[in-house]
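Undergrad: For reference, the chains in residue letters:
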Amino acid sequence: MKSPHNPAPIRVLVVDDNAGDVFLLREMVDGAKSRFRVSAEAGSLEEALRILAEREVDVVLLDLQLPDSRGVDTFSGAHTAAPDVPIIVLSESDDEELALQTVQLGAQEYLVKGRVDGHLLQRALRYAVERARAEVQLASERDLLQTLLENIPDRIYFKDRQSRFIRINRALTTLFGLKTAEEAYGKTDADFYGHEHAGEARQDERRVMETGEPLLGKVEFENLADGRKSWSLTTKLPLRDRQGGIIGTCGISREISELKEMEEQLETERNLLRAVIDNLPDLVFLKDVEGHYLLNNIAHVRWLGATHPREVRGRTVFDFFPDHLAAEFHQGDMKVAEARQPLINQEEHMVDARGNHSWRLTSKIPWLDDNGNTVGLVCISRDVTEQKRAEEHLKKANAELAASREELLHAVRNLQQAHGELRDVQLQLIEAEKMKSIGRLAAGVAHEVKNPLAILKMGLEFLSTQKFTDEHTPEILHEMSDALTRADKVIRGLLDFSAPKQLEVKRESLNAIIENALHLVRGEMKNGVEVELDLQSNLPHLKLDAGKISQVFVNLFTNALHAMENGGLLAVRTFTKQLTGVGSNISDSRSESFRVGQHIVIAEIDDTGHGIPEDKLAKIFEPFFTTKPTGRGTGLGLSVVRTIVDLHGATIDIRNLHEAGVRVTLMFQS
Amino acid sequence: MNKKRLLIVDDESGFTRLLKLTLEKTGNYIVREENDGTNAWLAARDFRPDLIFLDIVMPKIDGGDVAQQIRSDPMLENVPIVFLTAIVAQRETRNEIGGFPFLAKPVSLDAITKCLAEHFGE
Chain A
1 MKSPHNPAPI RVLVVDDNAG DVFLLREMVD GAKSRFRVSA EAGSLEEALR
51 ILAEREVDVV LLDLQLPDSR GVDTFSGAHT AAPDVPIIVL SESDDEELAL
101 QTVQLGAQEY LVKGRVDGHL LQRALRYAVE RARAEVQLAS ERDLLQTLLE
151 NIPDRIYFKD RQSRFIRINR ALTTLFGLKT AEEAYGKTDA DFYGHEHAGE
201 ARQDERRVME TGEPLLGKVE FENLADGRKS WSLTTKLPLR DRQGGIIGTC
251 GISREISELK EMEEQLETER NLLRAVIDNL PDLVFLKDVE GHYLLNNIAH
301 VRWLGATHPR EVRGRTVFDF FPDHLAAEFH QGDMKVAEAR QPLINQEEHM
351 VDARGNHSWR LTSKIPWLDD NGNTVGLVCI SRDVTEQKRA EEHLKKANAE
401 LAASREELLH AVRNLQQAHG ELRDVQLQLI EAEKMKSIGR LAAGVAHEVK
451 NPLAILKMGL EFLSTQKFTD EHTPEILHEM SDALTRADKV IRGLLDFSAP
501 KQLEVKRESL NAIIENALHL VRGEMKNGVE VELDLQSNLP HLKLDAGKIS
551 QVFVNLFTNA LHAMENGGLL AVRTFTKQLT GVGSNISDSR SESFRVGQHI
601 VIAEIDDTGH GIPEDKLAKI FEPFFTTKPT GRGTGLGLSV VRTIVDLHGA
651 TIDIRNLHEA GVRVTLMFQS
Chain B
1 MNKKRLLIVD DESGFTRLLK LTLEKTGNYI VREENDGTNA WLAARDFRPD
51 LIFLDIVMPK IDGGDVAQQI RSDPMLENVP IVFLTAIVAQ RETRNEIGGF
101 PFLAKPVSLD AITKCLAEHF GE
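These protein sequence lines are chains A and B, in that order.
Just so we're aligned, residue 1 is where the first sequence starts under the working numbering, counting upward by one.
Just so we're aligned, residue 1 is where the second sequence starts under the working numbering, counting upward by one.
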């Protein structure tokens with residue numbers, strides 16, 4: 001009977017070949033208010049199995065005595081066909097042995113026919129269904145767990161209090177090289193691992209059991225008995241019974257050899273990089289944009305006055321330097337970070353935390369992330385104090401070298417000058433020697449030539465007293481006489497030039513000597529030459545060799561007259577003067593004979609002749625130099641003049657006058 | 001009027017001969033030449049000149065020494081001696097050498113005539 005408001009009834013399969021029993025059972029199952037209903041009946045095991053195969057049954061009431069099966073085999077057959085469907089065994093006999101057997105095989109209940117009433121059957125059915133449902137659930141969970149244990153690559157174990165395996169999963173079985181997990185049961189780590197790991201694991205497990213605290217994420221190095229090695233990450237937990245008592249441990253362990261290897265690689269690389277930066281003498285460091293140090297090499301750590309990088313990491317320059325310095329450094333760094341422009345090899349003078357000064361070559365590079373944002377600053381700074389010092393040393397040395405060179409050049413110039421002066425002196429000496437030789441030669445020649453000249457002259461004069469009838473002879477004699485006079489003049493000049501250079505000085509009147517000399521040159525005066533005398537009357541008498549000074553004036557007057565062949569003015573002046581300064585008159589090197597303030601006597605001879613070619617002025621005192629036509633001058637006159645003037649400590653200056661002619665200025669010391 | 005006796009001592013025979021010729025031609029002088037200086041003193045003793053023209057530079061003896069010999073001879077000490085020489089220019093020596101008057105070669109007839117006139121008061 002169905003009640004529309006009731007949930008679907010639980011379907012019962014009755015398997016019995018006795019119709020009476022079946023009727024009875026149906027009565028008890030389908031009773032009022034029952035949740036059960038007989039949905040099928042089977043008289044044989046074969047029929048029962050067919051029905052079960054269709055899966056339209058929730059619970060089975062099974063009589064063991066069937067036409068095609070008996071006893072426990074009946075149960076096994078049915079249970080195997082539908083292991084999930086709970087089975088209640090109904091038996092004719094109260095066989096304890098059989099009852100236990102069926103229950104052990106999975107029967108939910110063993111009931112003896114005739115002792116069952118509706119109430120009992122209902123309850124048995126209810127329990128069977130509930131238990132079966134729980135079993136299914138349990139089995140499902142067990143399967144899940146099993147799946148997990150069998151498939152997870154992590155190794156899972158359960159151990160008893162003596163650390164003997166009581167359960168291990170597939171992964172661990174495989175690791176141990178076993179075919180089945182059971183082979184490990186009862187054994188310990190010592191059977192599979194090197195004793196080192198086994199001992200440590202044992203200790204860990206003991207601690208877990210003693211404290212009840214789990215061991216979480218321990219990195220273990222495992223060396224297997226067969227020599228394999230691996231790294232694992234292990235968690236161990238206490239294993240408790242239902243009462244909470246600790247009965248062992250369980251654990252899960254994951255192979256992390258690859259990770260570990262990677263980590264080690266990273267570590268190695270990190271160490272290499274660290275070794276690189278720590279072994280550099282340069283300061284290397286990274287800062288974030290707030291100025292916190294992120295990475296510092298040892299050199300920089302020491303420079304900051306710290307001993308270990310961790311004392312520096314996360315701190316700023318303000319932790320190591322006085323505020324004003326720190327602010328300066330910080331601003332410099334931040335400027336680079338903001339500008340995002342690297343600063344390469346900037347030379348700067350720095351003071352470290354200990355107050356040591358140094359010159360540094362510093363590079364600061366903005367540190368950008370993948371998006372191009374500035375996240376900090378990479379800095380490297382090299383101590384170049386030595387180089388700087390060497391450089392400055394070099395500069396100084398160079399300067400000194402330049403100075404020495406200058407001195408050397410100066411010395412060389414002095415030497416050159418000295419050499420020049422020496423050469424001048426040498427030339428003068430040579431000149432003097434030459435003059436002496438010329439003098440000796442001239443004296444000898446003069447004597448030897450004068451005798452024959454005397455004969456010629458005498459002869460000519462004798463002949464001129466004769467009377468000649470032809471008109472040419474007197475003329476020829478006259479020419480010869482002129483030639484003789486010229487020859488004599490040359491010889492005289494030579495003698496003057498070579499005359500002994502000693503003076504016989506007396507106090508003499510310069511004016512008288514000049515007048516006498518003028519008298520001597522009367523013969524040379526041509527028509528049209530005027531003489532203008534302006535001799536200072538109270539001129540002091542001078543210490544002079546009158547004969548030699550007379551010769552000076554004779555020579556000078558002769559030159560002046562020769563320059564005025566066509567007439568002119570010969571002006572002679574004498575006067576005294578007090579030297580007030582070095583003027584044009586005494587620009588000559590011999591002016592050192594004169595001192596400012598000294599009274600001097602000056603004689604000036606002006607002519608209005610043709611003057612001296614400017615390019616010849618420098619040579620006029622040289623012996624045998626003359627501007628006169630052949631026969632007119634010996635080239636010795638001014639040479640003699642110069643010698644005599646020098647002997648008197650006087651000076652002579654000869655220059656062309658602006659208008660015309662020549663001015664000769666003689667200056668005597670008074 | 002007596003002709004004046006002149007002794008000319010000079011190693012240049014050409015010169016002495018010309019001078020002798022020229023002076024004797026005037027008719028006022030008797031001239032003796034002596035071309036060897038070493039014979040000068042003896043020649044003077046022998047010739048008794050009124051004036052001696054004496055060369056200074058001669059091969060064997062210096063004119064100065066000859067003058068000394070003659071001056072040392074009491075018989076000749078008053079005979080005037082005039083040097084005739086080529087070694088100096090007349091202007092320089094102020095017309096005398098060692099106290100003796102002096103004429104420089106080449107000498108002009110005028111200068112000699114003038115010199116003789118001064119000595120003989122003509």
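Keep in mind the hints are simulated off the structure, nothing from the lab.
Any given hint might turn out to be false.
To be verified - Residues on chain A that point at chain B, a partial pick, calculated with CB under 7 Å: (1) Lys457; (2) Leu460; (3) Phe462; (4) Leu463.
Using N, Cα and C, we set each Cβ at its ideal position, and we do this for glycine too.
Undergrad: Using 7 Å as the Cβ threshold, decide whether leucine 463 of chain A counts as touching chain B.
TA: Constraint on leucine 463 of chain A not satisfied, violated at 10 Å.
Undergrad: Taking the closest Cβ pair, is phenylalanine 462 of chain A under 7 Å from chain B?
TA: This hint holds: phenylalanine 462 of chain A lies near chain B, its Cβ roughly 5 Å from the closest one there, short of 7 Å.
Undergrad: Tell me if lysine 457 of chain A is really an interface residue toward chain B, meaning its C-beta lies closer than 7 Å to one of theirs.
TA: holds, 4 Å
Undergrad: Hint leucine 460 of chain A vs chain B: min CB-CB distance below 7 Å?
TA: Violated. Min distance 9 Å.
Taken one by one, the earlier hints fail for this structure at numbers 2 and 4, listed in ascending order.
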